[in-house]
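2 protein chains.
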Amino acid sequence: MYTLGIDYGTNSVRALVVRCADGAELGSSTVNYPSGSQGILLDPRDHHLARQHPADYLFGLEKSVRLALAAAKKTRGFDAKKVIGLGVDTTGSSPIPVDAHNVPLASSKKWAKNLHAQCWLWKDHTSWREAAEITQLAAQHRPQFIAKCGNTYSSEWFWSKLWHCRTVAPKVFAAAHSWVELCDWVPSVLAGITDPTQIKRGICAAGHKSLYSDDWAGLPDKEFLALLDPALAELRDRLYTKAYDATESAGALTAEWAKKLGLPAGIPIAIGEFDVHYGAIGCGVAEGTLVKVIGTSTCDCGVVSASKSVPDIPGICGIVPGAILPGFYGLEAGQSAVGDIFKWWVELVCEGNAARHARLTQEVAKRKPGASGLLALDWQNGNRTILVDPLLTGVIIGCTLHTTQAEIYRALIEATAFGARAIIERFKEYGVPIDRVVCAGGIAEKNPLLMQIYADVTGCTMLVSGSSQACALGSAISAAVLAGAHPDFPTAQRKMTSLKKVAFKPKPDAQKIYNQLYALYRQVHDSFGGLNKSADLSRVMKDLLALK
Amino acid sequence: MYTLGIDYGTNSVRALVVRCADGAELGSSTVNYPSGSQGILLDPRDHHLARQHPADYLFGLEKSVRLALAAAKKTRGFDAKKVIGLGVDTTGSSPIPVDAHNVPLASSKKWAKNLHAQCWLWKDHTSWREAAEITQLAAQHRPQFIAKCGNTYSSEWFWSKLWHCRTVAPKVFAAAHSWVELCDWVPSVLAGITDPTQIKRGICAAGHKSLYSDDWAGLPDKEFLALLDPALAELRDRLYTKAYDATESAGALTAEWAKKLGLPAGIPIAIGEFDVHYGAIGCGVAEGTLVKVIGTSTCDCGVVSASKSVPDIPGICGIVPGAILPGFYGLEAGQSAVGDIFKWWVELVCEGNAARHARLTQEVAKRKPGASGLLALDWQNGNRTILVDPLLTGVIIGCTLHTTQAEIYRALIEATAFGARAIIERFKEYGVPIDRVVCAGGIAEKNPLLMQIYADVTGCTMLVSGSSQACALGSAISAAVLAGAHPDFPTAQRKMTSLKKVAFKPKPDAQKIYNQLYALYRQVHDSFGGLNKSADLSRVMKDLLALK
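Chains as they are written, first to last, in the numbering used here: chain A, 47 to 594; chain B, 47 to 594.
No lab work stands behind these hints, which were simulated from the structure alone.
Hints are not guaranteed to be accurate.
When chains are identical, the list treats them as one kind, so a pair holds in a single copy or across two.
Restricting the straight-line Cα-Cα distance to at most 20 Å, the calculated cross-link-like pairs of lysine to aspartate or glutamate (DMTMM-like) are [claimed, not checked]:
(1) Lys412 - Asp92
(2) Lys588 - Asp572
(3) Lys128 - Asp267
(4) Lys217 - Asp267
(5) Lys414 - Asp92
(6) Lys594 - Asp92
(7) Lys594 - Asp145
(8) Lys119 - Asp267
(9) Lys588 - Glu179
(10) Lys127 - Asp572
(11) Lys414 - Asp241
(12) Lys288 - Asp358
(13) Lys588 - Asp92
(14) Lys288 - Glu269
These figures come from a predicted structure and were not determined experimentally.
Let's have the full structure, built from the sequences with the hints guiding it.
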């Protein structure tokens with residue numbers, strides 16, 4: 047028996063065929079989104095804007111599944127008829143405006159070219175003003191709404207984006223019958239749901255991005271939404287009243303889509319979750335295990351048994367029951383840019399090609415921590431955790447006339463490691479245990495220098511997920527549990543996930559220096575980040591030179 | 047009648063033949079120092095170290111003068127016999143350890159390869175610890191010593207360097223009979239002085255770098271020097287007791303050197319001054335006029351009539367009567383790196399060639415101030431004025447994933463402009479009038495973008511010296527006055543100096559934005575620089591984004 051995991055990333059979609067018995071990956075494929083710049087629609091006048099054409103998702107869906115199945119067929123015994131379920135994970139919050147038939151506005155001729163009628167990609171930050179206003183209104187009128195997401199509502203999230211659309215493109219907003227998160231929309235299409243209010247929405251997106259909670263009546267009440275804009279209150283009835291964890295099915299595969307994809311009709315479709323949430327499952331997340339998916343940005347996921355109480359944790363993106371594993375609180379944190387920062391430095395600023403990364407890594411791999419006298423802040427795309435502020439920017443401190451391109455490259459890696467440590471420390475401060483860290487994503491697999499720096503900076507042993515497609519694997523695991531191949535998630539994870547043999551252990555000498563550098567990082571971080579409004583930074587440069 | 051100006055820069059020496067009647071430049075030549083990296087001896091283990099081989103100075107002297115005279119001979123009426131005097135200016139503080147016969151230690155086989163036996167180039171910062179200690183000891187025991195140099199003694203200066211040599215290379219120190227500033231040593235060689243205590247030392251170097259003043263008994267007293275090291279107290283007797291302004295002659299050209307250079311024997315040699323001091327004269331310095339020599343670093347010079355009283359100005363490098371023009375206080379300030387910062391960014395970090403500067407300038411020349419959202423600190427080589435701290439380092443703030451190489455290039459230019467404004471404001475705060483700014487140096491002539499930014503940032507019209515060899519011209523003017531071609535310096539300056547036709551006037555729109563950016567610069571400057579030890583930097587990044 048097999049299941050299929052479909053993982054929608056920022057630039058491409060992957061499909062993965064998995065054997066339920068042991069998690070063996072029989073076939074996979076990646077299809078790039080055809081539109082825009084690397085799949086993203088941009089606005090040269092506003093670097094905050096990032097949209098995606100919904101048609102790209104369906105194009106990639108059909109192509110990637112067919113390719114993955116074709117690859118799997120090379121394995122003896124595999125037959126597409128033995129696929130018993132499929133799961134979908136996507137980026138988010140990536141809401142799509144749809145009409146009354148669950149068809150994206152962008153699919154109609156009228157709106158096809160309008161950037162506001164597209165999917166609003168997770169990393170779109172155009173709605174930073176709205177986010178700040180929602181934060182303020184919630185703090186004043188419904189503090190409970192934001193207590194679980196670090197008391198700050200983000201510009202990357204559902205209501206900020208919808209409100210911004212209403213403000214800058216009222217005609218698009220008026221034309222939208224409803225808005226659907228990408229992770230809910232793809233399953234709904236596969237299940238043939240043609241009424242957006244009937245979509246089985248996942249609690250992952252709802253709880254983390256849309257202020258949904260069973261503690262109040264689901265989505266924010268109309269009275270509160272009307273404080274933002276009456277049009278949002280009016281929209282509420284055309285969204286949803288109940289969101290589900292992964293014990294529920296999003297529907298069954300229609301005959302039409304079964305034919306398009308080459309799969310059995312009627313097989314169950316797992317509830318949609320965000321990529322890193324299913325990725326956490328694919329990495330073997332459990333209480334005490336932090337999963338880091340390190341890519342263009344980083345997401346950190348942990349779980350705490352729903353039988354315990356979890357305090358509100360300032361700056362953490364969300365604490366949502368059932369968001370990752372049924373029966374557990376799902377905790378999410380993250381860094382807005384990681385791989386993107388290295389790419390920015392090497393390819394945009396230094397005008398190097400992709401191969402330059404390897405040369406720079408080699409140049410600084412053997413340098414001792416602190417040897418460059420540099421300290422950087424990893425805020426080139428704002429700070430998600432623990433400051434939750436998209437209007438922060440990157441900093442490089444300690445440049446001399448001898449500072450090299452490679453030294454700054456390493457300082458940027460270290461900056462992201464300090465950002466990672468700030469997250470781990472914040473979890474621990476609030477009683478969330480972290481005994482092990484499992485990493486996934488291209489960078490975790492391919493960059494041993496970065497992994498060792500992360501171990502040295504955080505003091506945690508860095509493990510690496512056995513699957514290089516952890517998100518798709520997690521989706522496939524969810525489908526396997528749903529289809530009855532395993533009795534529950536822990537059993538399915540035990541059977542279907544693994545770790546790579548390599549483990550990066552902290553080196554005490556490096557740890558000592560990084561502890562000092564981290565203290566300096568926090569001084570600068572807290573000052574520019576607003577945690578300390580009477581900072582004494584007069585020693586920072588001198589301490590950096592002393593470490594050097 | 048003609049005089050000759052000889053200008054020792056950081057990487058090369060220039061000779062210039064000037065007509066006394068009108069300042070016409072008849073012939074010039076530049077000779078690079080043959081040793082080390084671009085004429086500088088470096089230590090790969092310590093980027094603070096910068097030395098120079100004294101033999102390079104004599105090699106360059108002979109070659110440059112002969113070439114300049116050869117060039118001048120192409121002008122009808124010129125004859126080397128009509129050269130009536132010569133002047134020398136050099137970098138500084140650049141002290142040379144010499145033996146009892148005024149021969150540099152480095153000229154002996156024993157010390158030829160020893161880095162500590164060479165000339166300690168102005169930009170050598172190895173003695174930063176000693177500088178801090180001298181500052182502290184002076185503050186405690188002789189506050190008057192440092193009151194005129196901003197209450198801070200620099201690592202670039204005479205006593206710091208000598209003390210550092212005594213500490214790290216005691217054998218070199220013991221072998222040195224005396225130490226002579228480069229600007230005094232070259233004239234002394236030309237004048238055939240073979241006893242270092244008989245050298246006519248200039249008050250420019252003595253007053254600005256060696257704590258010499260007529261207010262006390264010349265150099266610091268032995269009791270104070272013994273607090274540093276008894277060996278320094280013991281050395282005092284082998285230095286000098288009196289220093290002179292440019293009304294005095296350093297001596298007469300020996301027959302031997304006259305022959306080597308192709309000049310008349312016995313002509314007077316002007317007292318030696320630092321390059322920018324004679325450069326200020328070559329730019330027409332007068333009360334109310336600030337002269338900026340913009341090159342790898344920047345020096346700022348002003349004068350105030352000796353009949354007035356000048357208060358102590360914190361952070362200004364020096365206030366010395368007669369240091370520039372006889373009868374005036376000479377005021378000096380500066381920035382430790384300017385052109386060096388652009389070179390560092392383009393050539394070392396971005397690995398571009400020298401032509402890249404032009405491309406980057408073109409890319410950002412038409413951008414509006416503030417458009418990049420970037421703010422930088424110009425401290426890649428420490429800060430000379432107004433913080434007087436070599437242990438400060440460069441900073442770049444405001445990086446996003448869209449920040450380009452060219453935008454950072456412009457931000458670095460702006461950073462040096464903010465540094466320039468901080469100096470001008472400091473002068474004005476203490477009652478030194480600045481009505482006009484005359485710039486000299488390669489950057490002032492070749493970079494109209496930078497000059498316009500300086501005008502917009504400082505609010506001053508930027509004028510450009512008519513001579514592109516202002517330092518050598520100033521030396522030649524000093525020689526002309528000394529030889530009697532003109533009755534005094536103001537007359538000689540009126541006749542022999544000029545301005546280029548171009549003038550960069552501040553544009554009100556740009557000024558408005560730069561006023562805001564400068565306020566942010568000062569926030570960050572004062573915080574990292576230690577002027578404000580309870581800084582609130584939480585708005586900096588947001589204000590930068592708002593300006594953008």
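Item to complete: Determine which of the earlier numbered hints do not hold for this structure and return their numbers in increasing order.
Response: 3, 4, 7, 8, 10, 11 and 12
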